[in-house]
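Under the working numbering, the first residue of the sequence shown is numbered 490, with each subsequent residue one higher.
Please note: incorrect hints may appear among the correct ones.
Listed below are the simulated DSS-like cross-link pairs for lysine-lysine, each with C-alpha atoms no more than 25 Å apart in a straight line [what the hints assert, rightly or not]:
hint, residue 1, residue 2
1, Lys586, Lys492
2, Lys622, Lys599
3, Lys583, Lys619
4, Lys492, Lys599
5, Lys583, Lys548
6, Lys586, Lys599
7, Lys622, Lys586
8, Lys599, Lys613
9, Lys619, Lys492
10, Lys583, Lys604
11, Lys548, Lys588
12, Lys619, Lys599
13, Lys604, Lys622
14, Lys492, Lys604
15, Lys625, Lys548
16, Lys543, Lys599
17, Lys583, Lys625
18, Lys622, Lys583
19, Lys622, Lys540
20, Lys613, Lys540
21, Lys613, Lys625
22, Lys599, Lys625
23, Lys625, Lys604
24, Lys586, Lys619
25, Lys548, Lys599
26, Lys586, Lys548
27, Lys604, Lys588
28, Lys619, Lys548
Derived by calculation from the structure, the hints in this document are not laboratory data.
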Amino acid sequence: MAKVFTGRVMIPGDKMDEYFAAMAAAEEARRPFREYLENLNDEFADHLSLKFSKRTVRKHTGIVSMFIEFVIRQTDVESIDQITRGIANTHFRKWYKRKVWDSATENDLKVALRKFFTFLSEEKGITNEKALKGLK
Numbered sequence: 490m491a492k493v494f495t496g497r498v499m500i501p502g503d504k505m506d507e508y509f510a511a512m513a514a515a516e517e518a519r520r521p522f523r524e525y526l527e528n529l530n531d532e533f534a535d536h537l538s539l540k541f542s543k544r545t546v547r548k549h550t551g552i553v554s555m556f557i558e559f560v561i562r563q564t565d566v567e568s569i570d571q572i573t574r575g576i577a578n579t580h581f582r583k584w585y586k587r588k589v590w591d592s593a594t595e596n597d598l599k600v601a602l603r604k605f606f607t608f609l610s611e612e613k614g615i616t617n618e619k620a621l622k623g624l625k
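Let's have the full structure, built from the sequences with the hints guiding it.
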């Protein structure tokens with residue numbers, strides 16, 4: 490089961506170089522998954538632009554971009570089907586409110602992610618029922 494990493498980490502000053510090296514290695518290992526998700530978000534933007542205004546497209550894809558950032562940096566998820574109901578809903582919402590300073594409401598977050606996972610299911614054939622169920 491996927492885990493969400495929360496809390497604080499205390500790193501001694503003499504171990505900072507090791508910490509930065511480990512973070513760089515972890516980021517490099519997750520790069521293919523990040524690029525995959527970002528490409529899906531670009532396709533999602535193209536899909537939305539057929540129906541919605543530029544402002545709406547920018548709003549939804551911005552929220553999905555932050556969701557991608559959350560999944561990559563705060564979880565150990567390695568594929569879309571590992572994203573759980575709690576990750577897509579509760580954990581992301583709490584993280585977003587702490588880390589992102591904008592006017593998006595909880596409903597905005599839920600709608601954007603529901604549209605994204607619906608797009609993945611209907612247009613790309615990538616189904617994650619757990620996440621969709623949590624966003625209804």
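We went through each hint and held it up to the structure:
no.: 1; hint: Lys586 with Lys492; verdict: holds (19 Å)
no.: 2; hint: Lys622 with Lys599; verdict: holds (11 Å)
no.: 3; hint: Lys583 with Lys619; verdict: holds (19 Å)
no.: 4; hint: Lys492 with Lys599; verdict: holds (20 Å)
no.: 5; hint: Lys583 with Lys548; verdict: holds (18 Å)
no.: 6; hint: Lys586 with Lys599; verdict: holds (13 Å)
no.: 7; hint: Lys622 with Lys586; verdict: holds (22 Å)
no.: 8; hint: Lys599 with Lys613; verdict: holds (20 Å)
no.: 9; hint: Lys619 with Lys492; verdict: holds (15 Å)
no.: 10; hint: Lys583 with Lys604; verdict: holds (20 Å)
no.: 11; hint: Lys548 with Lys588; verdict: holds (17 Å)
no.: 12; hint: Lys619 with Lys599; verdict: holds (14 Å)
no.: 13; hint: Lys604 with Lys622; verdict: holds (12 Å)
no.: 14; hint: Lys492 with Lys604; verdict: holds (24 Å)
no.: 15; hint: Lys625 with Lys548; verdict: holds (19 Å)
no.: 16; hint: Lys543 with Lys599; verdict: holds (19 Å)
no.: 17; hint: Lys583 with Lys625; verdict: holds (18 Å)
no.: 18; hint: Lys622 with Lys583; verdict: holds (18 Å)
no.: 19; hint: Lys622 with Lys540; verdict: holds (24 Å)
no.: 20; hint: Lys613 with Lys540; verdict: holds (18 Å)
no.: 21; hint: Lys613 with Lys625; verdict: holds (20 Å)
no.: 22; hint: Lys599 with Lys625; verdict: holds (8 Å)
no.: 23; hint: Lys625 with Lys604; verdict: holds (10 Å)
no.: 24; hint: Lys586 with Lys619; verdict: holds (23 Å)
no.: 25; hint: Lys548 with Lys599; verdict: holds (12 Å)
no.: 26; hint: Lys586 with Lys548; verdict: holds (16 Å)
no.: 27; hint: Lys604 with Lys588; verdict: holds (22 Å)
no.: 28; hint: Lys619 with Lys548; verdict: holds (24 Å)
The structure fails none of the hints (numbered hints given earlier).
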